[in-house]
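First to last, the sequence lines map onto chains X and V.
Using the numbering used here, read the first sequence as starting at 18 and increasing by one per residue.
Using the numbering used here, read the second sequence as starting at 7 and increasing by one per residue.
Treat the hints loosely; a few may be bogus.
Capping the alpha-carbon separation at 20 Å, the derived lysine to aspartate or glutamate pairs in EDC-like fashion look like this [claimed, not checked]:
(1) K20(V) - D227(V)
(2) K169(X) - D227(V)
(3) K189(X) - D82(V)
(4) K60(V) - E179(X)
(5) K88(V) - D26(X)
Distance ranges between label pairs, derived from CB positions [as the list claims (entries may be wrong)]:
(6) K21(V) - A154(X): 58 to 64 Å
(7) I159(X) - N38(V): 48 to 54 Å
(8) G52(V) - L103(X): 24 to 30 Å
(9) K189(X) - Q170(V): 21 to 27 Å
Honestly, the hints are just simulated from the structure, not real lab data.
Even glycine gets a Cβ: it sits at the ideal position worked out from N, Cα and C.
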Amino acid sequence: MLLSIFQYDFIIRGLIAGLIVAIIAPLIGIFLVLRKYSLIADTLSHVSLAGIAFGLLFGLNPALTALGTTVLAALGIEKLRNSKKLYSDAALALYLSGGLALAIVLLSLAHGFNTSLFNYLFGSIVTVTISNVYEIAVLALIVMATLLLFFKELVFITFDEEAAQVSGLPLKFLNLVFIILAAFTVSLAIPIVGVLLIAALIVIPVVTALQLKKGFRQTILYAEIFSIFSVVAGMFLSFYFNLSTGGTIVLTMLFIFLIVFSNRRQRLLHWF
Amino acid sequence: MLKLNHHHNIVEIKKLSFAYKSQLILNQISLNIHQGDYLGIVGPNGAGKTTLLKVLLRLLTSFQGQIKLFGVDIKDFKDYSKISYVPQQATNFDTNFPATVREVVSMGRYARRGLFHRLDSQDFKIIDNSLEQVKMREYQQELIGNLSGGQAQRVFIARALVSQPELIFLDEPTTGIDQASQDDFYKLLKNLNQNMGLSLVLVSHDTARLTREVMHIAYLDKFLTYYNSPNDFSTERHFSDNKY
Chain X
18 MLLSIFQYDF IIRGLIAGLI VAIIAPLIGI FLVLRKYSLI ADTLSHVSLA
68 GIAFGLLFGL NPALTALGTT VLAALGIEKL RNSKKLYSDA ALALYLSGGL
118 ALAIVLLSLA HGFNTSLFNY LFGSIVTVTI SNVYEIAVLA LIVMATLLLF
168 FKELVFITFD EEAAQVSGLP LKFLNLVFII LAAFTVSLAI PIVGVLLIAA
218 LIVIPVVTAL QLKKGFRQTI LYAEIFSIFS VVAGMFLSFY FNLSTGGTIV
268 LTMLFIFLIV FSNRRQRLLH WF
Chain V
7 MLKLNHHHNI VEIKKLSFAY KSQLILNQIS LNIHQGDYLG IVGPNGAGKT
57 TLLKVLLRLL TSFQGQIKLF GVDIKDFKDY SKISYVPQQA TNFDTNFPAT
107 VREVVSMGRY ARRGLFHRLD SQDFKIIDNS LEQVKMREYQ QELIGNLSGG
157 QAQRVFIARA LVSQPELIFL DEPTTGIDQA SQDDFYKLLK NLNQNMGLSL
207 VLVSHDTARL TREVMHIAYL DKFLTYYNSP NDFSTERHFS DNKY
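Pulled out of the complex, with its shape left as it was, chain X reads as follows (with noise of 0.2 Å):
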C-alpha cells in the first residue's frame, strides 16, 4: 500500500531530484550559514524568480535562464561585497527586490503563464520532467567536485577569513567561487522546493545540525541526515495527503528542528 507511490513514474523522478538536491543543500548550507550569509540563498532564489520570468517571456529554458541570472546576480553580490561601499545585507536587500520586482515586470509583459508560474513559486514534484532530474544531476555533480576540491580551504576561510588570507589561501578566488556554487545549489532546487522555499532547504537542516554541537564533518553528515529525511518523508506525505511538496517538506524540517531544538538541554541527545 505504502509502496504504491512507486507506480507513478513522476513520483520516481521527483524523488531522485529531491534526493540529489536533499545531499547538496546542506553541502552549500553550512558555509552559508556559519558565515552569516544565510540571508544569500534567500536573495539568489528571488533573482532566480527574475530568470524563469525572462525564460517564459521569450520561450528559452527557464531552468537556464534562471540559472545565468542567479550566477549573475551571485557575482555581482560578491563584488559589492568585496567594495565595502555598502552593508552585506544592504546589498542582499538591494538585489532581492531587485530581483523580485524585474519578475513581476517581466510577468507582467507576458500576461499569463500561471500555471507554470506557480509551480516554480512553490515547487511541485509532479512537473519534474526526465530533462530537470538531468539537469539537476550535472549540477549537483559540479557543486559536489567543486566542494571536494576546495573543501579544506572553504572551512579555514569559513572560521577565520584573515588567518586565512595571512596564510597564503587565494582568498578572493575561493569566495568567488563558493558563491558560484551556492548560485548552481538555489537554481537546482527550484523543481523541487520552489523558489520562495529554497532557502529553508538550505539553511534548516544545518541550523538543526548545528545544535548537536559535533565537529565540522560530523555536523554536516547530522545536516545530510535530516535534510534526505525531511525531504524524503516530506514528499510522502504530501503525495499521501495531496499537499504542497515544497511546503511539506519544509514543514518537516522546521518540526525535527523543533525536537532537536527542544532536547538540546537535556541528556536525550547524548547517546548521539
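With chain X fixed as given, assemble chain V onto it according to the hints.
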C-alpha cells in the same frame, strides 16, 4: 631547531607610512627584525600597532615606503608558510562554530599542503606534535567553543605552528585571558623562541608584562622608537612625553 644568525634580518622596514582616509596612522617607520628575535610592539590604543601588523601580514597593501620579508620585497613575497599569524581571537571567535580542536589546528596546514591536496600521514604527525607542544593533545576532540580563553589561545598557537613557520606575529594574544593562563602562555612563547628558534613579534597594550618577557621593545604611536633592551624602556617617559 633553526640554525640562527642573529645578525640576519628577516623583516626590514624602511620609512613606512600608512594613512587611512587622509588620517596618518604610521609615520616614516623604520624597523629591522632579526632571526630569532622576540620583539614586543607596545603603544596606546589607536597608535597603529594592529595597522602595522596588518601591513606586515599583507592584509593592508596601500602603504608608502619599503618592506622586505626574508630579503624579498613584500609585494613579491610568496613564501607564505614562513610566516604565521595568531589573531586576537581567544575571546573573539564564533564559539558556536562546529569545529574540534584538531580540526582548527589542521587548518594551519591547509595552505602548506596546497589546493587539490588532502592532508596525509606526515601532516597528521605534524598536527599531533603541535598539539603536544601546546599541551592540548588530550583536548583534540573537544569543540573549540568549549575551551577557556587560555586553552583556545594555545590551540591558535598550535594552528600557527603546523605550517612550520620561521616567524609568528601575535596580536594582543592575552586579551581576556586570566593571569595564570597568561603565565603559561608566556612560558610557551619563551620555549618556542629559545628552544625552537622561532622569531616572535608580539603586539600588546600590556606594556608592563611585555617588558618582562621580550628581547626588544618597539614603542609605537604613529612614530616608532626602538629599544635594544626592555630595561632601556621607560613607560612613564613615553606617556608623559608629548613628543610621542
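A quick look at each hint next to the structure:
no.: 1; hint: K20(V) - D227(V); verdict: holds (17 Å)
no.: 2; hint: K169(X) - D227(V); verdict: violated (39 Å)
no.: 3; hint: K189(X) - D82(V); verdict: holds (18 Å)
no.: 4; hint: K60(V) - E179(X); verdict: holds (10 Å)
no.: 5; hint: K88(V) - D26(X); verdict: violated (59 Å)
no.: 6; hint: K21(V) - A154(X): 58 to 64 Å; verdict: holds (59 Å)
no.: 7; hint: I159(X) - N38(V): 48 to 54 Å; verdict: holds (50 Å)
no.: 8; hint: G52(V) - L103(X): 24 to 30 Å; verdict: holds (26 Å)
no.: 9; hint: K189(X) - Q170(V): 21 to 27 Å; verdict: holds (26 Å)
Going through the hint list in order, the structure does not satisfy hints 2 and 5.
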